[in-house]
Amino acid sequence: MNQVEKALVNRLQHGLPLVHYPYAAIASELGLSEQQVLEGIKKLLAEGVLTRFGPMFHAGELGGGLTLAAMRIPEADFEKVTGQVNNFPEVAHNYRREHDLNMWFVLATETQSAITDTICAIENVTGYPVYNMPKEQEFHVHLHFPV
Amino acid sequence: MSTSTSLSETGPLTSFVMTDTDRKLILATQAGLPLVANPWAELGKQLQMDADDVLARFQAMQQAGVIRRVAAVPDHYRLGYRYNGMTVWDVHDDHIAELGAAVGELPFVSHCYRRPRHLPYWSFNLFAMVHGTTREEVESKATQIRAVLGDACLQHTILYSSAILKKTGLRLRK
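These protein sequences, in sequence, are chains A and B.
According to UniProt numbering, the first sequence holds residues 1 to 147 in order.
According to UniProt numbering, the second sequence holds residues 1 to 174 in order.
Note that these hints are calculated values from the structure, not bench results.
Any given hint could be a false lead.
What the hints assert, rightly or not - Heads up, simulated SDA-like pairs for lysine to any residue below, C-alpha to C-alpha not over 25 Å straight-line:
id : chain 1 : residue 1 : chain 2 : residue 2
1  : B       : Lys-166   : A       : His-20
2  : B       : Lys-174   : B       : Gln-30
3  : B       : Lys-174   : A       : Thr-116
4  : B       : Lys-24    : B       : Pro-34
5  : B       : Lys-174   : A       : Thr-82
6  : B       : Lys-174   : B       : Ala-60
7  : B       : Lys-166   : A       : Met-71
8  : A       : Lys-42    : A       : Gly-15
9  : B       : Lys-166   : A       : His-99
10 : B       : Lys-174   : B       : Gly-80
11 : B       : Lys-166   : A       : Leu-18
12 : B       : Lys-45    : B       : Arg-69
13 : A       : Lys-43    : B       : Lys-166
14 : A       : Lys-43    : B       : Ala-41
15 : A       : Lys-42    : B       : Thr-143
16 : A       : Lys-80    : A       : Val-147
17 : B       : Lys-166   : A       : Val-147
18 : B       : Lys-45    : A       : Glu-39
19 : B       : Lys-166   : A       : Gly-83
20 : A       : Lys-42    : A       : Leu-30
21 : B       : Lys-166   : B       : Ala-41
22 : B       : Lys-45    : A       : Thr-116
23 : B       : Lys-24    : A       : Met-71
24 : B       : Lys-166   : A       : Thr-82
25 : B       : Lys-174   : B       : Tyr-81
26 : B       : Lys-174   : B       : Pro-34
27 : B       : Lys-24    : A       : Glu-110
28 : A       : Lys-80    : B       : Arg-173
29 : B       : Lys-174   : A       : Asp-100
30 : B       : Lys-166   : A       : Asp-100
31 : B       : Lys-24    : B       : Gln-46
To be verified - On the chain A side, residues computed to face chain B include the following (Cβ under 8 Å):
id : residue
32 : Ala-24
33 : Ala-27
34 : Glu-29
35 : Leu-68
36 : Thr-82
37 : Gln-84
38 : Tyr-131
39 : Met-133
40 : Glu-138
C-beta: ideal position from N, C-alpha, C; glycine also.
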């Protein structure tokens, strides 16, 4: 990444000002042109440095459901089950982890009751149990990766 | 995680009531905000709305916390943060509220939650996400968490991620 890209990655993780010309506002903050900001974001997305650029919705505040769930999938079935699980639009993130419980995903649903329904549907499709681990208390959330 | 992550969980319904317009705006932007000078005008064109009204709804949703922020979600592996450690701790229930808060205050902990145990199989009830460029860095951070928890923690482990299988964020069914 060049210096402009690094500056964009750092600044854009913090959120865009909600004004009519937000990219121009970011550009003037960073001493860039609006075009550099727009082209920079497009390039970072195309290269996969950014997985997404846009509003980060909070499913809970929308009245919906959100939970973390885990599964224990034998290696021989891992790829197949990954496809089955990822096929659910309710699966917002999914990570493979080095543990007996080797698949960890976040479910985000439009209604709270849809969490249980989705977990049942995943168990039915995959044939494996899902361990539901909803948040009981939030102590801190702040994710930022400086580069 | 992330968002990810970015995604965070909350409890029951709040006072914000999503309008049909809000739902349309979410559907139109859940994959990304238009990359044009005035993204609100672009969305207005798609949804036959005035750009000012689009912007006003985004401001209202952010104010209400429905939108945390409009921001970039990086692939942390690509930024050199190769070791994503979900540290999990078996903490005495009587002390988890104060100890969870103390762990959450450590500057390198990005997310920290209390979650249910699944005994006898899963005995960990405190989750603290830690990122590092090396495994040693994550382990040294875990040691610092261990010091905060002291005798109230019976056991812990670190689950490293070895692959991002999916990272799209919230998607409403259309």
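Discussion item. For a quick check of understanding: which of the numbered hints are violated here, in increasing order?
Written reply: 1, 10, 11, 15, 16, 21, 22, 23, 25, 29, 33, 34, 37
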